[in-house]
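K.L.:
The chain contents come next:
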Amino acid sequence: MSTQLDLKELERKAFRSTYQDGLWDLYFGLIVICMSIFIYRPATGYSPVNMVLLSSAMAAAYFLFWAGKKFITLPRMGQVQFGAQRKKRRLMLIIVLSVVVLIQVGFVLFQVFAWLTPNVGESLNSILLERHLMNLVVAAIGALFVGPSMMLIAYFIDFPRGYYIAVMMMMAVFFMIYLNQPVYPIIIGALIALPGLVLFVRFLQKYPLPRGESPHEHAG
Amino acid sequence: MSTPGRNATLSDLAEVDRLVHEPARLAIIALLYVVESADFLFLMNQAGLTWGNLSAHMSKLEEAGYIEVVKSFKGKRPNTMLRLTQVGRSAFQAYRQKMKRVLDGLPE
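Those protein sequences? They're chains A and B, same order as listed. Each residue of the first sequence is one higher than the last, beginning at 900 in our numbering. Each residue of the second sequence is one higher than the last, beginning at -5 in our numbering.
Since the hints were derived computationally from the structure, they do not count as laboratory data. Keep in mind that the hints are not guaranteed to be accurate.
[To be verified] With a straight-line cut-off of 25 Å between C-alpha atoms, the simulated PhoX-like cross-links for lysine-lysine are:
id, chain 1, residue 1, chain 2, residue 2
1, A, Lys969, B, Lys94
2, A, Lys986, B, Lys92
3, B, Lys70, A, Lys969
4, A, Lys987, A, Lys1105
5, A, Lys968, B, Lys94
6, A, Lys968, A, Lys912
7, A, Lys987, A, Lys968
8, B, Lys92, A, Lys968
[What the hints assert, rightly or not] Here are the simulated distance ranges between beta carbons:
id, chain 1, residue 1, chain 2, residue 2, range
9, A, Leu992, B, Gly46, 54 to 64 Å
10, A, Leu1090, B, Glu57, 29 to 39 Å
11, A, Lys907, B, Asn47, 24 to 34 Å
12, A, Arg911, B, Gly46, 21 to 31 Å
13, B, Pro72, A, Ser997, 49 to 59 Å
14, B, Pro17, A, Ser954, 24 to 34 Å
15, A, Phe962, B, Lys70, 37 to 47 Å
All values reported here derive from a predicted model rather than from experimental measurement. Note that CB positions come from ideal geometry on N, CA and C, so glycine has one too.
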């Protein structure tokens, strides 16, 4: 192994150490659970109230993630800023995800347009409804909206557990739509969060709060 | 019997920067080489050093001008980050080249 490779490995190890706290897993798990609980409302459907509740729950999940990083992880693990290559990857992620979202929006608009077109809409309905495929197709499309995006995130932020989360998220969305039951995606959300919880406990054991001297009192 | 090539290797070894060569300092410099900046606690955790040990090595590296301490405030809290200076970066690169030459020159 060359010296250059060793340095790359050192950088990767330092970078991936920031995922040791399991907070990302907990965050994504909570997002799936929030979606499962608040989107599934057979009585009211996709009402504005559900959307407000979902947004609030997701904001609360993000707040927990942010507070965990700020008040638990950083005081134990310390702070680090990575080099230009990492910043470039983050920028690439934003660009690629924007393109993916645009494609998804375009796809949805195309579908709506197709459904509103009398001949096309009728033939689509007859094919899908007669064969009881409507739920399956919508569930598959929903899963395909979520999974690849999460895989792209995992790739660009160099987060190997993200691929597992992506597969689990795909399954969660698929079951949420296809089976129209919140219990399966809630279980899947818990399966995403569980490794995070284990990692979080391990992290707290491995990195106790430094006693005595504050890291900020050093040198200068 | 030494060859001219072997002599060059040995003289390279004698010229190796001892400030960088010490294992704990080498770990600190290598870490700071691959990141933009890091605080004391992060380096301590990553390098597996104790507080006192890291502090002593940091003082030496700072005296040599290899690292710089960047102080700022995040809100009301002081925030101290450490980064490798250009001198430190060049010293590490020179060290790597020398060590590579030395190690490549050794027989299998």
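K.L.:
Now look at each hint and say whether the structure bears it out.
P.N.:
Each hint, compared with the structure:
1. A:Lys969 to B:Lys94: violated, 41 Å
2. A:Lys986 to B:Lys92: violated, 31 Å
3. B:Lys70 to A:Lys969: Measuring from Cα to Cα gives roughly 14 Å; hence the hint holds.
4. A:Lys987 to A:Lys1105: This hinted pair is violated, its Cα atoms lying about 31 Å apart.
5. A:Lys968 to B:Lys94: violated, 40 Å
6. A:Lys968 to A:Lys912: holds, 19 Å
7. A:Lys987 to A:Lys968: holds, 22 Å
8. B:Lys92 to A:Lys968: violated, 41 Å
9. A:Leu992 to B:Gly46: 54 to 64 Å: With a Cβ separation near 40 Å, Leu992 of chain A and Gly46 of chain B fall outside 54 to 64 Å, so the hint is violated.
10. A:Leu1090 to B:Glu57: 29 to 39 Å: violated, 53 Å
11. A:Lys907 to B:Asn47: 24 to 34 Å: holds, 27 Å
12. A:Arg911 to B:Gly46: 21 to 31 Å: holds, 29 Å
13. B:Pro72 to A:Ser997: 49 to 59 Å: violated, 37 Å
14. B:Pro17 to A:Ser954: 24 to 34 Å: violated, 52 Å
15. A:Phe962 to B:Lys70: 37 to 47 Å: Violated: the Cβ-Cβ distance is about 21 Å, outside 37 to 47 Å.
Of the numbered hints given earlier, the model fails hints 1, 2, 4, 5, 8, 9, 10, 13, 14 and 15; all others are met.
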